[in-house]
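Novice: Below, each chain spelled out in residue letters.
Protein chains: 2
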Amino acid sequence: MANRVITLGREYGSGGRYIAETLAKELGIAFYDKEIIAMVAKESGLALEFIEDTGEYMSVSDQFAGLSGEYYTPGMSIADQVHVLQNNIIASLAEKEPCVIVGRCADYILKDNESVLDVFIHADMKDKVERAVKYYGIPAETVEKTLTKTDKGRATHYKHYTGQTWGIAQNYDLCIDSGFFGVDGCVETIIAAYKTLK
Amino acid sequence: MANRVITLGREYGSGGRYIAETLAKELGIAFYDKEIIAMVAKESGLALEFIEDTGEYMSVSDQFAGLSGEYYTPGMSIADQVHVLQNNIIASLAEKEPCVIVGRCADYILKDNESVLDVFIHADMKDKVERAVKYYGIPAETVEKTLTKTDKGRATHYKHYTGQTWGIAQNYDLCIDSGFFGVDGCVETIIAAYKTLK
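Line by line, the protein sequences are chains A and B.
Residue 19 in the working numbering sits at position 19 of the first sequence; the count goes up by one each step and never skips.
Residue 51 in the working numbering sits at position 51 of the second sequence; the count goes up by one each step and never skips.
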């Protein structure tokens with residue numbers, strides 16, 4: 001039997017990361033979010049901050065940016081190399097053990113694996129604003145701009161590497177509004193779904 | 001306390017209508033799908049077939065089609081009049097009793113009502129094809145084309161009257177893949193969510 005895995009995409013401010021962490025704890029399985037960045041850093045020798053940015057975010061201009069110097073590989077940008085390395089790590093984590101993997105196109109990377117539950121967490125702007133100010137300490141004056149910019153970066157990255165639209169229901173088995181269900185409601189619903197996985 | 005209502009959008013072939021009907025039976029509440037067409041027909045004097053087409057489907061060319069003759073009202077096309085009438089009927093059904101309402105932009109019409117659970121049901125093409133051939137009797141040779149065309153009409157209609165994208169997770173409280181969860185799994189998950197409504 002393949003390992004049962006949850007991939008969890010999330011809007012910034014939706015509490016998705018916290019939901020993913022709670023899921024992993026309650027199910028007693030591994031949790032991978034920023035841990036993946038450390039693994040890519042170790043394998044590549046690149047800085048953590050660079051990988052964090054490159055591995056999940058992308059501005060439109062990044063797509064056209066050329067790279068040169070010591071990291072130059074003919075035909076492949078450094079961002080693409082990070083992406084390939086990250087993909088391989090995600091695939092090997094799913095092979096290694098049951099786990100929850102946050103973001104990083106994991107739904108797409110593991111799309112041929114039938115023991116994977118793909119989840120997307122979103123919320124209304126007012127709920128995300130409240131959470132981001134309260135828990136992430138983002139200043140109230142700029143919070144909407146930060147939320148929008150972060151998700152735009154995630155959507156552009158996802159589109160670039162999967163060809164799909166980020167946050168469209170069809171890409172996931174389950175999409176949940178965390179403002180509507182609350183964190184506990186989301187965790188409960190996802191656990192029930194996880195238990196049906198083969 | 002306001003009536004608790006489920007609005008259910010669905011891809012053609014996803015089994016959404018059957019899920020909605022099962023939900024209504026299990027919850028012991030009213031079910032409105034084609035019943036709405038009969039109500040619009042009664043109020044407007046227009047033919048059922050015309051309302052069925054106009055109330056939920058739209059080709060791109062329809063958006064620009066002018067209308068004239070006995071149904072002509074300055075500034076408002078017949079399609080828009082059907083839409084307004086349908087909106088009013090949906091709003092009054094939600095006021096009258098707890099119920100399940102299928103399609104027809106009901107999520108958007110009732111968006112300011114906090115006692116409404118907005119659900120979207122989708123499935124992979126192979127699951128929809130199987131269901132459409134088996135249960136709806138659509139010929140296997142043309143089934144993919146029929147499924148795609150029907151949903152394109154629904155998406156265009158939804159965009160035209162709500163300004164939103166049909167099937168995008170953010171418009172709904174819960175989006176579920178019926179191929180993944182099966183009809184029973186969908187019904188169970190939606191009932192659990194319905195019970196949390198105020």
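Since the hints were derived computationally from the structure, they do not count as laboratory data.
Among these hints, one or two may not hold up.
Where chains are identical, the list cannot tell them apart; a pair therefore holds if satisfied intra-copy or between any two copies.
[As the list claims (entries may be wrong)] For lysine to aspartate or glutamate, the following EDC-like pairs were computed, each having C-alpha atoms within a straight-line distance of at most 16 Å:
hint	residue 1	residue 2
1	Lys152	Glu56
2	Lys34	Glu52
3	Lys111	Asp124
4	Lys126	Asp112
5	Lys126	Glu114
Novice: None of the hints should be skipped; say for each whether it holds.
Specialist: These are the hints, each one checked on the structure:
1. Lys152 <-> Glu56: Answer is within; shortest intra-copy Cα gap is 11 Å, inter-copy 31 Å.
2. Lys34 <-> Glu52: For Lys34 and Glu52, the Cα distance is within 16 Å only inside one copy (8 Å; across copies 50 Å).
3. Lys111 <-> Asp124: Between copies, since 12 Å is at most 16 Å while 28 Å is not.
4. Lys126 <-> Asp112: between (36 Å within a copy, 14 Å between copies)
5. Lys126 <-> Glu114: Classified as between; 15 Å across copies, 35 Å inside a copy.
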